[in-house]
Structure formats: C-alpha cells, structure tokens
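Chemist: Below, each chain spelled out in residue letters.
2 protein chains.
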Amino acid sequence: MPFDLSTHVRSGLRPPAAAPFKGFPPYYFIGGNNAGEALPMPELIAAATRALEKEGRNLATYNLKTGAQGYRPLREWLVERLKSWTQIECSVDNIIVTSGSTQALELVQKVLLDPGDVVVVEGGTYGSAMTRLHDIEADYVGVAMDDDGIIPAELEKVLAELKAVGKRCKYIYTIPTVQNPTGTIMSMERRHALLDIAQRHDLMIFEDDCYADLTWSGTRPPAIKTLDTEGRVIYCGSFSKSIAPALRVGYLVADWPFIAQALTAKTDAGSGALEQITLAEFLPAHFDSHVAKLTALFKQKCDAIQDALHESFGTSAEFRPPEGGIFIWVTLPDTVDTSKLAQAAAAAGISINPGRDWVADPETGKHSFRLCFGQPSFEQIKDGVAKLAEVCHEEFGVPLTSGNVQRS
Amino acid sequence: MPFDLSTHVRSGLRPPAAAPFKGFPPYYFIGGNNAGEALPMPELIAAATRALEKEGRNLATYNLKTGAQGYRPLREWLVERLKSWTQIECSVDNIIVTSGSTQALELVQKVLLDPGDVVVVEGGTYGSAMTRLHDIEADYVGVAMDDDGIIPAELEKVLAELKAVGKRCKYIYTIPTVQNPTGTIMSMERRHALLDIAQRHDLMIFEDDCYADLTWSGTRPPAIKTLDTEGRVIYCGSFSKSIAPALRVGYLVADWPFIAQALTAKTDAGSGALEQITLAEFLPAHFDSHVAKLTALFKQKCDAIQDALHESFGTSAEFRPPEGGIFIWVTLPDTVDTSKLAQAAAAAGISINPGRDWVADPETGKHSFRLCFGQPSFEQIKDGVAKLAEVCHEEFGVPLTSGNVQRS
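Residue numbers (my numbering), protein chains in the order written: chain L, 2 to 409; chain U, 2 to 409.
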C-alpha cells in the first residue's frame, strides 16, 4: 500500500513545520537572541585554541573523561561564580552542565512530573516552558504578580483551589531575577515568602535564573536557592543570554538526590564538549568584563526601545522599565488584540511575541506583547517599532499619535 | 514538613545515579569511545579558528541564522558525502543535524511511538535504543539474525505474531552496516527483502548507520534508504565514531513530511553550533583521509583483541571477525553467565557489556558479551582480556587454557 506518514505518527503531535527555514524578517523582536557585535571574538578564538590544545584528545571520550555532569573545570568555575553572584554555596557534584537551560527545564519536568500533575507558574512566564508542559500532558496555572514578583496571597489562593479539586502541584516555576516577560526583580521579602509557602505545602521550587546575569544595577538579591536548607529548590542558569545562545550551555544546580535522578534522565550521552571546554577557558579571564560591557549595551538598547515606544505609540503603550535583560512587556489599549497584531506585523516583516503566548491565562495577555531588544540594531529598534505602530494603527486605529504625526 | 524528594518524583523513574563520576577503571571495554591518539588536532584547531573567524558573531543567534535543521554548510557537505558513501540522494532540506545519533533516535521515537507501540529490532541491538523504548513505554521484539543480517522469514513470523495479538508495529529498527553488536554487514539481498516486507506490512524502517563509515574494506552496500521511493525509511548517522563522541553531532535524513514533524519535536533550541561550524570547516579537506587512517587503526585494534581472545580464552571464546567498527561480540560456553562475569570483572577493574543488555531477549545473550576496542591501547587490550580470562576462570572454571598456562 502507498506510504502515508500521517498513519504512522504518534497521537497528539504538534503540527509539523510548514517549510524549511527561509531567513529572518527585517524586524525580529522575538527569540531571545544576543548581540553579535558584543562578542569578544579574539578572546573566544584564543580560548577555543587553548581548550583544544589542552583537552582535544579527550573529545574521543564521551563526557571528556570528567563524567556526565559536564566538564569539571567548567563546573569548578560555576561553583565560584554562583557563590559570588547568587550566594549559592554548592560543590561540583551539585551541578549538571546542560544543553542550554532548555535541557535543564526538560530534565526537571522529566524527573518530577506525571501526566496530569500541575506546575504553578507566574502569571506571565516563559512561553516554551508552557509548551513543554503541554507536550508531556502536565498542566499549569498562573499566579498574579506585581512589580515585586508573585503575590503570596494569590499563590495561597491558587494552591487552595488546586487542593479543592484534588490536583497535585509538584513545584512552583519562577523566574525571580529579571522576570520573563516583565523584566522585574523579585524582592527579598517575596523570596522568603515563596519558600515559606513551598515548605508549608511541601512543594518544590524551580528557580530559572537565565537572565539574572544582566541587571542594569550590576547587583541582585540572593537566589531563592540560597534560602533553601532542605534541597527543595532546583536552580538553573545559562550562558545563552550572557554570551551566545547557539553555544548550547546551561546548568542545573540542586542537592545530590535530585542531581542523581536527573543524571539518569539525561539520556543525551553528554552535552557538547567543545563548547564546554571553550567556555571553561574563556570565563575565568573574561566573563565579568564581558558581561559588564554587554549589560551596558543592552541597557542602551532597552532605553532605545522605550524611546521608540514613546515616540511611536505615545501614551497608547504602557510598560514598566525592565530592570535588566533583553525584553520588554508592553500593554496596549483594550481595543487591540495582540494576536491579530502579531499576524499583521508578521506580514509587514516584524516579528513580535503576542501576549497570550507568554501568560498562563491567555485572556490576561490579550492586549500585551513582548519585544526582545538584545539582537536588533538601534536602527532596527527605532524603525521596527515605528512600523509596528503603523501596522497597529491600520488594524486597530491605535495609536492615534506617533511622534508629531496625528493619525485619523 | 521535612522535604523528601522521593515523594515528589515521577512514577516509574529508573534508579538514580549511585554517586558522582569517579573516573574509569583500568580496562574499559564499553561505551563506544574513540581513539584520541588518532584525532588530527592541528587540523581541528585550525578548523575551529577558521569557523569562529567566519561565523563567530552568528553564535549570538539561535541556530546561527541557518535554521533549526542545523548549520547549512554542514548539511551541504553531508548531501555530497551521503551521495558518495551511501548513495542516498537528498537535499539540505532532508537533513536535521542532531546532538549525536542519540538525539536522532529520540526524535524518531518521539514522532512515531505511542505508549504500547512495538518496534521490531534485530535480535542483538544497541542497548540504549532498548532502554529508551522502555522509558517511553514502547515495546520491542527481536528478530533472529545470521551473518547476512536479519532473517526475512523470522521477521515475517514476528510480524504475524504481533498481528495475532493485536499489537501495532510502527517501524523496524536496523543497524545494517557494521551491526551493533555483531559487526556484520547486511547483504544487498536482505536490504531489498527488508524493504519489501516493510512495504507489504506498511511499516517504516529506521536505518541507524552510525558505524558505517568504518568498514575494513573501505566499501559498503548502498543504504536501505536508497531503495526507498516513498519516504518509508528514516536514516541516521553520526560523527561520534568517525571523529569524536564528545562532539555531539549526528544527523537524521528523511523525506520532508517526517523532517517537518521531527522539527517540532526537536525542542532543544538547536544543537551545539561551535561543534557544527568546526566540523563544517574540518570535513571537506580532512574527513576522507582521517577516516582511512582511523579505520586502519581500528582494524589493528580489532586484530589485537581477536589475538588476545585466542591467546587468553582459547577455544572457549567464539566470535565472528567484525567487518568494521569498534566492537566485537563474544560468546562463551553455556556454563558462563556473562552478567555475573561482568560484575566480577568490574570488581577487578574491567568493564564489559554483558550480553543480556545488548539483545532483545535477555536469555539469548546470557553467555555472550561485547567488547569495545576503539579506545583502549594495544597494551590495555592484551592485558585486559588476559585479566578477564583470569576472572572468568575463577568464577566459572572457564577457560581451562590461557596461552601456555593450563588451569585446573
């Protein structure tokens, strides 16, 4: 009989890709890309060379002869960095180097979640985290936030509701430091409150610290993980935002019992070794100065995109100035459906994340959208936001004013 | 309440890792590692440098601006290599670069298998492929093989049995060229027969060609994929065995409908880019000559391990000389339980794969074991096999003769 793939695939798959990659649109404000112009190429090339001179022949061995937790010198550097930046005290045995924080996310889900389990997330949260929960038939529910982060009373309410309907919540997923998508930093008081609630309800906390290297102030509160004396908090970080996302290097930090389980769940025969050894050579001498320069550049781009929003959208665009990172969360008037706006913008060569993809309850994101500003040039930021305002005006009659231009 | 991880983990997890990595035993004959001494380091360093000079700033973009199917110049090289070595004709759109063939395996399973589905495998097969099927609650059943590969009549019998009990077989998993663990090469006649059966039963075939670069003869039959005009065959390969396994680079080749589904299932935000760009620079000038040298070295090591087996086990060890690759499958007398042997050997610093982990029906592997010879030195091969014979004699009274030594 003639072959038909559709009769052979698994049930419930997401739709297939429509077509092979055709390149990016001119104004690309999605995807968490980094600033290529900021990469210190001579230092990276020198690091790769030294790394290969030192460890090259060990590439012939899975995991470079330092085990499935990842290249040991990289973990040693991480132990020091975690201590100085997040105040987490741990050893190399508490770290698994992962293929980006994406894999860290996946490992946490694989180890903890049965189908039907619920994860409590922040009202606005990382879109792919929700997609993945959906993929493994786990559920999620959002908790309202304010500028200090997740609201404890709201969290208690959500947990009580889950309990009332007999649903099991396994963990709270939070991005406390440079929250995605809001760019806020959770207060210390809230960090304590969150852990306190987790303890009282016997929940775990998964603290995603992916963007936390990039605060405008150059400071940050201690990680929630530092408050944890029981092994209840799992932490992850990444070099995607601080260096480059196509280098797939992230890390998971947890007490040994969780690490031991995650190791058997990590069935990839190791994360990329060339990237790990290159970073291990690069980081000790260059990480701090690179991150300082990169953050300064992102701050300028963040200012530029706020200026562009003021200029092109006037008072129609509401947003809270991010405290770091590479994205801004913008809310438009109730007349604007940002899912429709994203479609119209795509047709005009502008990519944005419609709000509904970045919130737990799609209704709450209907008038908002996320713009990533790490990669676009200053010119693309200015022109792209101006064009987005044009598209928005055509579709929804908003904004009425762009700069000096009064629209009808 | 005090925190207890065991009350939070998913049901049915495999046991956690016992302890952090402590290094390898002196005689390590498992794990598919490669020969570090054969790596052309100056050429790899030069390739990494050129790659970073050319593409370094694109590391700031997920997937290097060439899409989720992987670095385009690497796919372009693969198109030519596949044509000349396997006779597969395809385009860059038919390839997904993966994080080792491990990820290719995982993608095939994720796209095709529902829990309870069955995969037909060769009687002896890649242990991790079975572990993974178990992890996703799919089932597998083995088909008897001879030196030419899977036996068509036996395959028909197995398929009829599955049908009789109402089980759905989605695909046949085969390693036709340098089979794991037997080291045989499937005949052309059998390749045709296998595809013919797949067509008649409307099954897919997953052809794992991981070891196929490494044939002693420097030739090979065309891939089964070349016989497929319908998109029924999915193919994968890897650079783990031809270059280095800690570089996590493999590839999946299939018709677009499958590629399109696999792309949405590939949720890792890309495979390691530094490894892909370095290989893309290295391969065109050096792959053929490197593989020729590497294969010659592996042939010498393969001869050495056969000599060692003759010397230390005499007629007690039966094996078929491999036609390529990095492992040999050895069968001992019925009095030897190789699972117990592997335990005793581990205590003596020798790692081997007990046969039951490398066959679909554990009973059929009870007296066999697999030795990987790609990484150990000639001295380790000679001494390790001699020590293994000692352990085996102590445990089972076999072999009675080792070289000139008569044991009692």
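A hint or two may mislead.
Copies of the same chain look alike in the list, so a pair counts if it fits in one copy or across any two.
In silico BS3-like pairs for lysine-lysine, Cα to Cα no more than 30 Å straight-line [said to hold, decoys possible]:
1) Lys66 <-> Lys300
2) Lys164 <-> Lys341
3) Lys158 <-> Lys294
4) Lys294 <-> Lys55
5) Lys23 <-> Lys55
6) Lys383 <-> Lys164
7) Lys341 <-> Lys158
8) Lys158 <-> Lys367
9) Lys23 <-> Lys84
10) Lys66 <-> Lys168
11) Lys388 <-> Lys168
12) Lys383 <-> Lys84
In short, the hints are calculated from the structure, not lab data. What you are looking at is a predicted structure, and each value in this text was computed from that prediction instead of being measured.
Chemist: It remains to establish, for every hint, whether it holds in the given structure.
Modeler: Checked hints:
no.	hint	verdict
1	Lys66 <-> Lys300	between (41 Å within a copy, 24 Å between copies)
2	Lys164 <-> Lys341	neither (36 Å within a copy, 49 Å between copies)
3	Lys158 <-> Lys294	neither (42 Å within a copy, 67 Å between copies)
4	Lys294 <-> Lys55	both (29 Å within a copy, 23 Å between copies)
5	Lys23 <-> Lys55	between (39 Å within a copy, 21 Å between copies)
6	Lys383 <-> Lys164	neither (48 Å within a copy, 63 Å between copies)
7	Lys341 <-> Lys158	neither (33 Å within a copy, 56 Å between copies)
8	Lys158 <-> Lys367	within (23 Å within a copy, 57 Å between copies)
9	Lys23 <-> Lys84	between (43 Å within a copy, 25 Å between copies)
10	Lys66 <-> Lys168	neither (43 Å within a copy, 42 Å between copies)
11	Lys388 <-> Lys168	neither (46 Å within a copy, 56 Å between copies)
12	Lys383 <-> Lys84	neither (39 Å within a copy, 47 Å between copies)
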